[in-house]
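So the protein lines, in turn, are chains A and B.
What the first sequence shows, in my numbering, is residues 1 to 327, in sequence order.
What the second sequence shows, in my numbering, is residues 1 to 524, in sequence order.
Keep in mind that the hints were calculated from the coordinates and are not lab data.
Because the structure is a prediction, the values reported are computed rather than measured.
Careful, some of the hints might be misleading.
Claimed, not checked - Okay, derived cross-link-like pairs now, DMTMM-like style, lysine to aspartate or glutamate, Cα gap no bigger than 20 Å in a straight line:
#1 B:K126 to A:D85
#2 B:K126 to B:D72
#3 B:K250 to A:D156
#4 B:K126 to A:E170
#5 B:K134 to A:D85
#6 B:K103 to B:E280
#7 B:K460 to B:E218
#8 B:K406 to A:D54
#9 B:K339 to B:E180
#10 B:K460 to B:E476
#11 B:K501 to A:E42
#12 B:K134 to A:D67
#13 B:K126 to A:D54
#14 B:K406 to A:E45
#15 B:K76 to B:D466
#16 B:K134 to B:E120
#17 B:K181 to A:D85
#18 B:K406 to A:E42
#19 B:K339 to B:E280
#20 B:K76 to B:D89
Here is what each chain is made of, one letter per residue.
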Amino acid sequence: MARRLVWVPPTLFGLLLLVFTVSHIIPADPARVIAGENAPAEQVEALRQRFGLDRPLPEQFLRYAMDVATGSLGVSLYTQRPVLDDLLARLPATFELALYAILISILAGVPLGVVAALRRNGWIDQVIRVVTVTGLAIAAFWLAILLQLLFSMKLDLLPVQGRSAGWGPEPITGFYTIDALLRGDFETLGDSLRYLALPTLTLAIPATATIVRFTRAGVLNVMSSNAVFYQAAMGIPRTVVIWKYILRSALIGTLTQIGLVFGNLLAGAVVVETVFAWPGLGLFAYNSILQSDYNAIMGFTLFTGAVFIGVNLLVDIAQSLLDPRDR
Amino acid sequence: MDTQHGTGRRAVLAGGTALALAGMSREAQAARTRFVTANNNPYDILDPHQVFDIGRLAIRLNMYDALTHWVDNPPKLQFWLVNAPTISDDGKTYTFKLKPGIKFHDGSPLTAADVVYSMERILALKKGAYGLFKDSVSPGSTKALDPQTVQFTLDQPYAVFTAILSELWVVNTKVVKSHEKDGDWGAAWLSGHEAGSGSYRLRRFDPAIGFQAERFAEHFEGWANNPRPVDEADFRVAIETATRVLGVIKGEFNTTDGFLPAEQLQRMRQSGTVKFVEAESLRTFYFIINNAKAPLDDLNMRKALCYAFDYDGFIDNILGGTVVRNAGIIPNPMWGAPKNMKGYTYDLDRAKHHLSEVKGVRPLQIGALAGYPQSEQASQMLQAGCGKIGLDVRIVTEPYTTIAPKLNDADRAHDLIPLWRSAYFADPHNWTGYMFNSSNIGAGNSSFYKNPKVDELTDKALLLTDQEQRRPLYEEVSHLLVEDAAGLFINNTKYFGPFTKNVKHVRFCPIGDAQDIRWIEMEA
Numbered sequence: 001m002a003r004r005l006v007w008v009p010p011t012l013f014g015l016l017l018l019v020f021t022v023s024h025i026i027p028a029d030p031a032r033v034i035a036g037e038n039a040p041a042e043q044v045e046a047l048r049q050r051f052g053l054d055r056p057l058p059e060q061f062l063r064y065a066m067d068v069a070t071g072s073l074g075v076s077l078y079t080q081r082p083v084l085d086d087l088l089a090r091l092p093a094t095f096e097l098a099l100y101a102i103l104i105s106i107l108a109g110v111p112l113g114v115v116a117a118l119r120r121n122g123w124i125d126q127v128i129r130v131v132t133v134t135g136l137a138i139a140a141f142w143l144a145i146l147l148q149l150l151f152s153m154k155l156d157l158l159p160v161q162g163r164s165a166g167w168g169p170e171p172i173t174g175f176y177t178i179d180a181l182l183r184g185d186f187e188t189l190g191d192s193l194r195y196l197a198l199p200t201l202t203l204a205i206p207a208t209a210t211i212v213r214f215t216r217a218g219v220l221n222v223m224s225s226n227a228v229f230y231q232a233a234m235g236i237p238r239t240v241v242i243w244k245y246i247l248r249s250a251l252i253g254t255l256t257q258i259g260l261v262f263g264n265l266l267a268g269a270v271v272v273e274t275v276f277a278w279p280g281l282g283l284f285a286y287n288s289i290l291q292s293d294y295n296a297i298m299g300f301t302l303f304t305g306a307v308f309i310g311v312n313l314l315v316d317i318a319q320s321l322l323d324p325r326d327r
Numbered sequence: 001m002d003t004q005h006g007t008g009r010r011a012v013l014a015g016g017t018a019l020a021l022a023g024m025s026r027e028a029q030a031a032r033t034r035f036v037t038a039n040n041n042p043y044d045i046l047d048p049h050q051v052f053d054i055g056r057l058a059i060r061l062n063m064y065d066a067l068t069h070w071v072d073n074p075p076k077l078q079f080w081l082v083n084a085p086t087i088s089d090d091g092k093t094y095t096f097k098l099k100p101g102i103k104f105h106d107g108s109p110l111t112a113a114d115v116v117y118s119m120e121r122i123l124a125l126k127k128g129a130y131g132l133f134k135d136s137v138s139p140g141s142t143k144a145l146d147p148q149t150v151q152f153t154l155d156q157p158y159a160v161f162t163a164i165l166s167e168l169w170v171v172n173t174k175v176v177k178s179h180e181k182d183g184d185w186g187a188a189w190l191s192g193h194e195a196g197s198g199s200y201r202l203r204r205f206d207p208a209i210g211f212q213a214e215r216f217a218e219h220f221e222g223w224a225n226n227p228r229p230v231d232e233a234d235f236r237v238a239i240e241t242a243t244r245v246l247g248v249i250k251g252e253f254n255t256t257d258g259f260l261p262a263e264q265l266q267r268m269r270q271s272g273t274v275k276f277v278e279a280e281s282l283r284t285f286y287f288i289i290n291n292a293k294a295p296l297d298d299l300n301m302r303k304a305l306c307y308a309f310d311y312d313g314f315i316d317n318i319l320g321g322t323v324v325r326n327a328g329i330i331p332n333p334m335w336g337a338p339k340n341m342k343g344y345t346y347d348l349d350r351a352k353h354h355l356s357e358v359k360g361v362r363p364l365q366i367g368a369l370a371g372y373p374q375s376e377q378a379s380q381m382l383q384a385g386c387g388k389i390g391l392d393v394r395i396v397t398e399p400y401t402t403i404a405p406k407l408n409d410a411d412r413a414h415d416l417i418p419l420w421r422s423a424y425f426a427d428p429h430n431w432t433g434y435m436f437n438s439s440n441i442g443a444g445n446s447s448f449y450k451n452p453k454v455d456e457l458t459d460k461a462l463l464l465t466d467q468e469q470r471r472p473l474y475e476e477v478s479h480l481l482v483e484d485a486a487g488l489f490i491n492n493t494k495y496f497g498p499f500t501k502n503v504k505h506v507r508f509c510p511i512g513d514a515q516d517i518r519w520i521e522m523e524a
């Protein structure tokens, strides 16, 4: 574990260097975009100087890296607000979305994967396979619009967009559902769940499909192992073999996948949040890219990279708890 | 009037407002009207002096007041915070008296010193509308003669001065100064807060969601002319067009932008839940032609392009008649636009003839705007026309952030760029002098067009204060630009503002696109 932790700073530095290079290679000029199309050259140049965009790229990178080293992600070129503040303000919205999505994916994906493996090549397995392949193949953008049309417009069950009709409950954690629950405000809780439903479903469907596929493969792999033959031969009841021994071993691979899926959910949120006007990190990234706000783009990437690394560290810990060989 | 983040975000109920709402009966609260706008741009900066765009105009229009104000269509300029000025004989000194009893949202009086501070702030920040004032107002030249009198001494006579004063949004000096940090004129603070006197005052701001404003009952203009005003206005961000459209149909939003694609308009019409405010706007669509780059520096080449575009096909078939032909750059409803100007037609024989006169013909490149279907459709239309006369045209689709830096560099700029020109202020100068006077190359003149006669006429028009004297000058300029094929002028946009049926009175003005909420009447 300590060895993994040692690799975190260089990984983040590599990520920072990569994102800085990519975002600065694009021939965009944030100073021009901020100043507007009618701005005189003098106004654009003044902004360029103010933001240090006139300095050589290595110097710009060094300055930014030093900022990051001191715990700052810089200031947005566009809004003049600290990028970290903006990211932290939006984090609960995206995390709430991603957590519900991953929860649904695990609750649905693991049992379906086990059932598909136990009924290998049977009709249940075939149905699950068709559904999961479809889930993986559908573009999130298209799926989101389909869900809006069906559940919001046709059936009139759920809202089209947003996180709340108003401005959400008074924040404690920033997670609307948890805050509503802590305040005992069940009306707001219900309201928040209604707004969560469609974006969560859009994210959860492909994630569930991935987890089903990996669980199924993991279970099949363990089922064909000598250990399982031995346990069966020892007369251990089949349900115990399946749910205690097979599932535990099979879940190790699935757990790794859950960590990766969670990263994909954060990345996928860019599209889903844009379609559902969900005020999270994804929408922030989308706007920052449109405005060529270098600091915001780099801040977002670094931030989500750190979150991704953190989640995968947790997965590693969980894995070592499940698998003694990893300790 | 407070912060946007963390726990502070929810502490945004201004003290008085919170108490007032708390004391309000359930019936009274239920009777309050709430109007929700869906915007396709983020409301990420509240500072009226840092941005100058249509996407965030609702912030400036509703929470701040300027010296002048545009209303109706065609736009009329009203003296808003001030009465009509006294102008010196040389046309350089404007003296304004503030209207009595104007208050900021914190209850303090708005004085001439606030106007002076606001002007100095714009000139110092060099952002937002700075480009409008930089050639006519020098730092330190604006004076408060007394608390009610402000005087501007211009560097030279400037005919559009009262028109551009609609962008001099007055901020509360005392409040902003108290938040200045490292000589930033309070820029960091004001980007997330409000210090205005407008018809609505800020209640909540979350840059991820938008902002909420409540009616300012003590606004100097009063509310007698609106029996059912909007009490609470939510301005929310919804980037995706389909989401905004579905939101209006379902009633989650009361309105959204009025320049939607034809198929989305059709969808809303069919829903039966949306009504439209339709008006010809002041937003021309055209191709920027890079006049500085061979062979586009040849008039024959530019004329060949203008004859190769199928105007009727584009307007009637592709856009379904949702726009109108505009043969010149000045929008048809604007004074200074010549009446019945014919302009170019789709005529491939003439296009071929002009092309045959051009030496050094090479394949041309169009830089279409990613995410703007009309921009790409017009590019394809021109490409098809050019293909028929044997001219090879390539389309490169790029986001505006990539195209923008090239707009002021003739060598890097695309040969052609389809673009809209909106009304920042309602004066023909907005479409002529700004865009085609050679002194503005690098700052609005993205065609790199140079014509001494156009320079002379547009310069002269700026020195005159009488509209009737200026009109023929702009009409002549408009004709010259068409004769020179300085750009490929296509259409003027029509505004189709979608509103839910409980919205009763919308006062549309092309400058602001009906985002001025104070005029809207609404059923509870």
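Distance restraint between K501 (chain B) and E42 (chain A), which requires alpha-carbon spacing of 20 Å or less | violated, 48 Å
Would you check the hint for K460 (chain B) and E476 (chain B), treating anything up to 20 Å between C-alpha atoms as holding?
-> Holds: K460 (chain B) and E476 (chain B) sit about 12 Å apart, inside 20 Å.
Has the given pair, K460 (chain B) with E218 (chain B), been kept, meaning a C-alpha gap of at most 20 Å?
-> Measuring from Cα to Cα gives roughly 43 Å; hence the hint is violated.
Below or equal to 20 Å on CA atoms is what counts here, so check K126 (chain B) against D85 (chain A).
-> violated, 26 Å
Restraint status (C-alpha distance of K126 (chain B) to D54 (chain A) at most 20 Å) | holds, 17 Å
Does the structure keep K126 (chain B) and E170 (chain A) at a Cα separation of 20 Å or less?
-> violated, 38 Å
20 Å limit on alpha-carbon distance, applied to hinted pair K181 (chain B) and D85 (chain A) = holds, 18 Å
Quick one, are K339 (chain B) and E180 (chain B) close enough, alpha carbons at most 20 Å?
-> violated, 51 Å
Would you mind confirming whether the straight-line C-alpha gap from K406 (chain B) to D54 (chain A) stays at or under 20 Å?
-> Holds: K406 (chain B) and D54 (chain A) sit about 17 Å apart, inside 20 Å.
Holds or violated: K250 (chain B) with D156 (chain A), Cα cutoff 20 Å?
-> holds, 9 Å
Mind checking the alpha carbons of K126 (chain B) and D72 (chain B) for me, to see if they're no more than 20 Å apart?
-> violated, 30 Å
Verify the proposed pairing of K76 (chain B) with D466 (chain B), using a straight-line Cα cut of 20 Å.
-> Holds, at roughly 15 Å.
Checked against the numbered hints above, the structure breaks hints 1, 2, 4, 5, 6, 7, 9, 11, 12, 20 and satisfies the rest.
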